[in-house]
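Listed below are the residues making up each chain.
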Amino acid sequence: MNIPALNFEAAGEPRSRDATAELIGHYQRVAARLPGADSAALRARRDQAIADFAIKGLPNRRVEAWKYTDLRRLMSEAYAPAGHEASVTAAEVESALGEAAGIDAIKLVFVNGGLRRDLSSLGAIPKGAEIISLADALRSPPEWLLAALGKINPQQGEIVTQLNTAFMTDGIVLRLEKGAKLARPVHLIHVTAGDMPLLASLRNVIVTGEGVEASFIESYVSIGASAAQVIAATEVRLAADARLRHYKISGENERAQHLASVMVELAEGADYLAVNFADGMALARHQSFLKFAGNASRAHFYGVQLLTQRQHCDMTLLINHDAVGCESREHVKAVLTGHAQGVFQAKVIVQPGAQQTDGRQMAQALLLSDNAEFDAKPELEIYADDVKCNHGATSGALDEDLMFYLRARGIPEGEARSLLIQAFIGEVLEQIEHDGLREALGNRAARWLA
Amino acid sequence: MLEIKNLHAEINGKQILRGLDLTVPNGEVHVIMGPNGSGKSTLAYILAGKDDYAVTEGSVTWDGENLLGMEPDERARSGVFLAFQYPIEIPGVASMTFLRTALNAHRKARGDAELSTPDFIRLVRDKADKLSISMDMLKRPVNVGFSGGEKKRHEILQMSLLEPSLCVLDETDSGLDIDAVRIVSDGVNALRSPARAFLLITHYQRLLDYIVPDKVHVMSAGRIVRSGGKDLALELEKSGYAEYDATAA
Numbered sequence: 324m325n326i327p328a329l330n331f332e333a334a335g336e337p338r339s340r341d342a343t344a345e346l347i348g349h350y351q352r353v354a355a356r357l358p359g360a361d362s363a364a365l366r367a368r369r370d371q372a373i374a375d376f377a378i379k380g381l382p383n384r385r386v387e388a389w390k391y392t393d394l395r396r397l398m399s400e401a402y403a404p405a406g407h408e409a410s411v412t413a414a415e416v417e418s419a420l421g422e423a424a425g426i427d428a429i430k431l432v433f434v435n436g437g438l439r440r441d442l443s444s445l446g447a448i449p450k451g452a453e454i455i456s457l458a459d460a461l462r463s464p465p466e467w468l469l470a471a472l473g474k475i476n477p478q479q480g481e482i483v484t485q486l487n488t489a490f491m492t493d494g495i496v497l498r499l500e501k502g503a504k505l506a507r508p509v510h511l512i513h514v515t516a517g518d519m520p521l522l523a524s525l526r527n528v529i530v531t532g533e534g535v536e537a538s539f540i541e542s543y544v545s546i547g548a549s550a551a552q553v554i555a556a557t558e559v560r561l562a563a564d565a566r567l568r569h570y571k572i573s574g575e576n577e578r579a580q581h582l583a584s585v586m587v588e589l590a591e592g593a594d595y596l597a598v599n600f601a602d603g604m605a606l607a608r609h610q611s612f613l614k615f616a617g618n619a620s621r622a623h624f625y626g627v628q629l630l631t632q633r634q635h636c637d638m639t640l641l642i643n644h645d646a647v648g649c650e651s652r653e654h655v656k657a658v659l660t661g662h663a664q665g666v667f668q669a670k671v672i673v674q675p676g677a678q679q680t681d682g683r684q685m686a687q688a689l690l691l692s693d694n695a696e697f698d699a700k701p702e703l704e705i706y707a708d709d710v711k712c713n714h715g716a717t718s719g720a721l722d723e724d725l726m727f728y729l730r731a732r733g734i735p736e737g738e739a740r741s742l743l744i745q746a747f748i749g750e751v752l753e754q755i756e757h758d759g760l761r762e763a764l765g766n767r768a769a770r771w772l773a
Numbered sequence: 009m010l011e012i013k014n015l016h017a018e019i020n021g022k023q024i025l026r027g028l029d030l031t032v033p034n035g036e037v038h039v040i041m042g043p044n045g046s047g048k049s050t051l052a053y054i055l056a057g058k059d060d061y062a063v064t065e066g067s068v069t070w071d072g073e074n075l076l077g078m079e080p081d082e083r084a085r086s087g088v089f090l091a092f093q094y095p096i097e098i099p100g101v102a103s104m105t106f107l108r109t110a111l112n113a114h115r116k117a118r119g120d121a122e123l124s125t126p127d128f129i130r131l132v133r134d135k136a137d138k139l140s141i142s143m144d145m146l147k148r149p150v151n152v153g154f155s156g157g158e159k160k161r162h163e164i165l166q167m168s169l170l171e172p173s174l175c176v177l178d179e180t181d182s183g184l185d186i187d188a189v190r191i192v193s194d195g196v197n198a199l200r201s202p203a204r205a206f207l208l209i210t211h212y213q214r215l216l217d218y219i220v221p222d223k224v225h226v227m228s229a230g231r232i233v234r235s236g237g238k239d240l241a242l243e244l245e246k247s248g249y250a251e252y253d254a255t256a257a
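Residue numbers (this note's numbering), protein chains in the order written: chain G, 324 to 773; chain C, 9 to 257.
Note that these hints are calculated values from the structure, not bench results. Ideal placement from N, C-alpha and C gives every residue a C-beta, glycine not left out. Among the hints, a few may not be true.
[As the list claims (entries may be wrong)] Below, a sample of chain C positions facing chain G; criterion: calculated Cβ distance under 7 Å: (1) 58; (2) 77; (3) 78; (4) 80; (5) 84; (6) 85; (7) 96; (8) 110.
[Stated by the list, open to error] Simulated restraints on C-beta separations: (9) 737/G - 19/C: 19 to 29 Å; (10) 126/C - 737/G: 42 to 52 Å; (11) 737/G - 77/C: 36 to 46 Å; (12) 22/C - 708/G: 50 to 60 Å; (13) 766/G - 217/C: 48 to 58 Å; (14) 126/C - 418/G: 31 to 41 Å; (15) 156/C - 721/G: 18 to 28 Å; (16) 116/C - 418/G: 23 to 33 Å.
Produce the complete structure using the sequences and hints provided.
Below, the structure written as structure tokens:
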């Protein structure tokens with residue numbers, strides 16, 4: 324194993340030695356027990372990942388990409404990787420999920436980073452689809468998986484993926500053959516439970532053939548009030564004309580910390596839509612790395628942040644236009660109260676030759692308290708001359724004239740405010756193409772506002 | 009009965025109303041006319057409770073209750089309705105949701121149960137038909153994509169649904185073609201009743217061909233400077249407001 328000596332003093336700058344060192348220490352303790360430990364190729368990858376992580380450790384705010392989310396400060400300790408299963412019942416999972424439990428889907432329930440078949444309901448797997456647990460797949464990883472894992476739109480030195488690669492225990496591997504069309508979404512449900520703080524790492528890999536149509540929902544919930552750190556990574560490779568709807572509900576408890584990276588690569592004519600709904604968790608960093616590798620492909624990312632108290636939610640995107648005539652949209656809406664902090668960072672790179680790129684970014688925040696903070700950093704880096712790109716950001720309080728109009732009709736102040744906030748985030752929720760999910764999240768937002 | 013006594017009000021330190029007195033008994037329709045800048049819309053906003061304006065002196069009571077001490081939504085639930093001169097667009101709030109929330113707030117205040125969805129839709133359809141408002145229009149967010157005339161008709165629809173007892177219409181006729189004026193006027197006339205008072209603000213006598221008022225007041229420089237019967241409007245139409253602008257100066 325090639326892990327550099329833990330000589331932090333030599334590194335020249337102060338660092339949160341605790342969490343970084345703890346993560347490395349945890350890895351050394353559990354590495355031999357992780358799924359696929361028998362596969363030398365896989366073990367080498369995990370070792371490399373933790374070694375790469377150890378070079379810089381957790382980033383602080385002096386690292387530009389982490390300017391608004393200082394992990395060294397926010398993540399002062401690293402919990403031990405979950406070792407044993409918690410006793411969780413189907414009823415508890417359902418209640419934690421709320422309305423989203425009712426969505427007719429191929430459900431895979433993971434508890435503390437491990438698949439629970441007894442809680443999952445796969446039903447009939449449609450023709451052309453292969454769904455396996457990552458833990459199973461890693462025991463003797465097939466060639467195609469090794470070729471995909473960590474190879475889809477890889478990001479040099481990206482610490483969330485590094486940590487995930489080191490610690491990943493399970494997740495969904497979804498392979499869809501050319502032309503496969505899934506009538507029901509695949510719903511990943513991750514539950515953290517138990518009395519001890521723990522770390523769980525899920526890795527998902529979605530690889531499609533041409534013209535595939537599918538929806539993937541990720542729900543993250545907690546049972547109980549115990550703290551947890553979840554490190555999730557999802558890799559998506561869309562073949563030509565494939566269409567994926569990717570929804571994420573981040574609803575873990577108020578002590579949870581969540582780091583996630585989504586890496587997507589789109590071939591010609593592919594169409595990717597992501598909607599990320601975050602109303603839970605103490606700390607969340609959602610990263611999306613999108614790469615247009617084929618012409619005329621399309622990726623839209625929408626985010627909703629509903630934050631209160633001292634919640635911190637960061638949605639950071641890197642969109643790489645490396646093909647002609649592609650369209651990207653990023654639109655995040657944040658509603659912030661208390662001392663909450665919302666972050667939106669999106670960098671759009673238009674490579675030389677990526678002509679007719681159409682990229683738009685927008686971040687909008689409603690600040691309902693004087694202590695709430697929203698940081699928006701849209702960036703454009705354009706190396707082609709025939710492109711249409713723009714970005715914008717707004718933040719402010721509710722429009723007084725709109726409030727007055729509603730109240731002049733007898734609608735009490737609280738209800739009027741709730742109507743307007745729902746309207747504000749409605750623009751993003753409307754993007755959800757699954758009726759049941761859209762309704763469930765609409766109701767969830769309404770309850771949050773009440 | 010609406011009773012306004014010696015009302016003084018300002019916005020951003022600028023005096024707009026300077027001792028306005030006005031009484032509108034239930035069952036009557038009163039009209040306020042007057043030159044631009046005389047304070048007509050300010051009066052309408054103050055009655056509805058817009059807090060941009062500071063009342064520095066005077067009183068406003070509605071059926072004996074101090075209106076100025078109430079929040080805008082309380083006023084509305086007590087029967088005050090302002091038909092806005094410029095109804096505002098509310099993207100993202102569906103018209104039907106808006107109407108239903110408003111109606112239920114009123115019903116709740118009266119101690120009535122909420123209407124069932126079919127009953128509500130039936131009620132809206134019935135009222136909308138009379139104002140030539142299509143249900144398709146009500147599928148849109150509040151006032152979004154409505155023409156000027158549609159916005160004004162939508163105001164009257166809200167008024168007929170909420171059945172207020174004091175209706176203040178701020179230039180509801182401006183920007184309407186003659187057919188729309190007739191539709192809006194029919195809507196207003198249908199609501200006339202002994203228990204209801206109307207205060208119409210308008211620039212044009214034209215509206216009064218359709219809504220025959222009990223009294224006409226001329227407002228200038230923040231006060232009522234002349235009152236009379238419906239013929240006063242005809243007189244103003246001929247002579248213009250020049251005389252009253254002079255008063256303002």
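Hint by hint, here is what the structure shows:
no.: 1; hint: 58; verdict: holds (6 Å)
no.: 2; hint: 77; verdict: violated (15 Å)
no.: 3; hint: 78; verdict: violated (11 Å)
no.: 4; hint: 80; verdict: holds (4 Å)
no.: 5; hint: 84; verdict: holds (4 Å)
no.: 6; hint: 85; verdict: holds (4 Å)
no.: 7; hint: 96; verdict: holds (5 Å)
no.: 8; hint: 110; verdict: holds (4 Å)
no.: 9; hint: 737/G - 19/C: 19 to 29 Å; verdict: holds (27 Å)
no.: 10; hint: 126/C - 737/G: 42 to 52 Å; verdict: violated (28 Å)
no.: 11; hint: 737/G - 77/C: 36 to 46 Å; verdict: violated (20 Å)
no.: 12; hint: 22/C - 708/G: 50 to 60 Å; verdict: holds (52 Å)
no.: 13; hint: 766/G - 217/C: 48 to 58 Å; verdict: holds (50 Å)
no.: 14; hint: 126/C - 418/G: 31 to 41 Å; verdict: holds (32 Å)
no.: 15; hint: 156/C - 721/G: 18 to 28 Å; verdict: holds (26 Å)
no.: 16; hint: 116/C - 418/G: 23 to 33 Å; verdict: holds (31 Å)
In terms of the numbered hints stated before, the structure departs from hints 2, 3, 10 and 11, listed from lowest to highest.
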